[in-house]
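> The primary structure of each chain is shown beneath.
2 protein chains.
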Amino acid sequence: MNATRRECLRFAGMGGATMAVSAAPASAADSDLLALFAKRQSIRSYKPDPVPDEHLTRILDAARRAPTSGNQQPWKFLVIRDKVKIERMRNRCLERAEASWKDLAAAERDSRRERMKTGMAGYFSAPVYIVVLTDSQSTYPTYNQHDGPLAAGYLCLAARALGYGTVYITDAIPEAVTREVLGIPERYQRVCITPLGVPESWPDPKPKKKLEELVAYESL
Amino acid sequence: MNATRRECLRFAGMGGATMAVSAAPASAADSDLLALFAKRQSIRSYKPDPVPDEHLTRILDAARRAPTSGNQQPWKFLVIRDKVKIERMRNRCLERAEASWKDLAAAERDSRRERMKTGMAGYFSAPVYIVVLTDSQSTYPTYNQHDGPLAAGYLCLAARALGYGTVYITDAIPEAVTREVLGIPERYQRVCITPLGVPESWPDPKPKKKLEELVAYESL
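Line by line, the protein sequences are chains Y and U.
Sequential numbering of the first sequence, starting at 14, is according to my numbering.
Sequential numbering of the second sequence, starting at 14, is according to my numbering.
Do not rely on the hints blindly, as some may be mistaken.
If chains are identical, the list can't say which one is meant, so a pair holds when it fits in one copy or spans any two.
Said to hold, decoys possible - Pairs of lysine to aspartate or glutamate residues, derived as EDC-like cross-links and limited to a Cα-Cα distance of at most 16 Å, are as follows: (1) Lys52 / Asp217; (2) Lys60 / Glu127; (3) Lys96 / Asp148; (4) Lys96 / Asp62; (5) Lys60 / Glu213; (6) Lys130 / Asp62.
Since the hints were made in silico from the structure, they are not lab data.
Let the sequences and hints guide you as you build the complete structure.
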């Protein structure tokens with residue numbers, strides 16, 4: 014048996030129950046949580062209002078409760094509030110994009126520059142940024158590809174529960190920019206970066222596929 | 014600009030706000046929900062009680078609200094309740110493990126067989142299984158590696174909100190077994206499979222790292 018196999022390792026640890034079990038919802042509040050899932054949206058413009066430490070801690074404390082292979086908890090949550098670093102990330106995103114457009118016609122470059130500036134002004138308007146990382150030296154690093162997004166997803170949902178917006182960003186703020194500006198060691202893989210703050214506004218809900226399109230019973 | 018870049022595509026879509034924004038929690042219930050994150054645990058033994066369709070639908074409806082690149086929603090949730098298929102998956106897991114032990118000493122094989130049988134009896138005691146898949150023909154397939162675990166994490170949390178247990182399984186029920194028994198086409202990548210049901214019991218909480226070990230401020 015492969016020593017890193019998710020789950021297999023834990024057969025010996027079963028049992029040891031302590032809590033009563035019911036088939037019904039644990040509480041009305043737990044049931045209300047289901048409404049929260051639909052309320053989380055990607056937020057691309059923020060108010061400058063600070064996020065109190067107590068709220069930030071509660072959000073991170075929720076994020077680390079995500080499922081994790083063999084309880085390895087391979088995460089690092091890098092919290093950035095330094096305005097200088099935030100501004101530097103924004104500038105580097107713009108510079109890199111500009112460099113990639115050098116072969117385009119001037120009008121096209123101008124158009125992209127304006128769109129990009131507006132977008133980046135929104136992305137970088139939050140008071141806090143959280144870089145979600147996994148540690149390549151974790152116990153079962155091949156499972157970090159699951160554990161990373163799982164924690165980031167919990168983080169976004171927990172933030173929403175406290176009234177904050179987030180957006181799960183990968184390439185729009187390139188990994189190379191965060192590594193360079195924030196000095197992230199090679200050892201850590203970046204899962205995503207998200208702003209955290211009070212939304213400038215809650216956008217209209219995105220159109221979604223029907224549930225029936227996404228669910229299959231017994232066979233595909 | 015790379016056409017599949019997450020986020021960049023959406024700069025043009027900003028604005029259009031409709032809902033009021035507050036810095037405080039949306040409601041006391043939302044705030045209470047943070048307690049739920051810590052209550053979700055991996056469950057490895059289930060009661061036979063069925064999961065009503067209404068609950069299953071609510072759980073799947075929550076799962077599909079996960080963050081998704083460019084709103085692509087690349088998911089398929091394959092729901093299995095057929096006892097014949099469930100039993101066949103269990104048997105195939107045991108057969109494959111047995112085959113991989115052929116070079117071991119007899120005593121070691123016997124010991125592993127017993128542990129594996131107990132473990133598999135637990136994993137396959139639930140009334141429902143959900144295979145979380147992503148579609149390689151989605152709009153931005155390179156981002157499925159994020160979208161897949163994100164939806165599976167939402168699913169586990171939503172199930173917990175309604176009093177059900179899950180466990181995010183990858184290799185303990187090999188992808189090859191689910192493909193073979195359930196006839197999953199190559200087009201779909203398996204993220205994980207989870208049982209869904211009322212836990213035989215809620216286990217003692219797992220020991221966790223301190224939050225301070227996982228969080229870094231401004232630099233690593």
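> Tell me, please, which holds for Lys96 and Asp148 at an alpha-carbon limit of 16 Å: within, between, both or neither?
Neither way: Lys96 and Asp148 sit 26 Å apart in one copy and 40 Å across, limit 16 Å.
> Between the shortest in-copy and the shortest cross-copy C-alpha distance, which are at most 16 Å for Lys60 and Glu213: within, between, both, or neither?
within (5 Å within a copy, 46 Å between copies)
> How would you classify Lys52 and Asp217 at a CA-CA limit of 16 Å: within, between, both, or neither?
Within. Shortest intra-copy distance 10 Å satisfies the 16 Å Cα cut-off; inter-copy 32 Å does not.
> Up to 16 Å between alpha-carbons, please classify Lys96 paired with Asp62: within, between, both or neither.
within (14 Å within a copy, 54 Å between copies)
> State whether the alpha carbon distance between Lys130 and Asp62 is at most 16 Å within one copy, between copies, both, or neither.
Neither: 22 Å inside a copy, 55 Å across copies.
> Which holds for Lys60 with Glu127 at a C-alpha limit of 16 Å: within a copy, between copies, both or neither?
Answer is neither; intra-copy 21 Å and inter-copy 58 Å both fail.
The structure fails to meet hints 2, 3, 6 from the earlier list, while all remaining hints are met.
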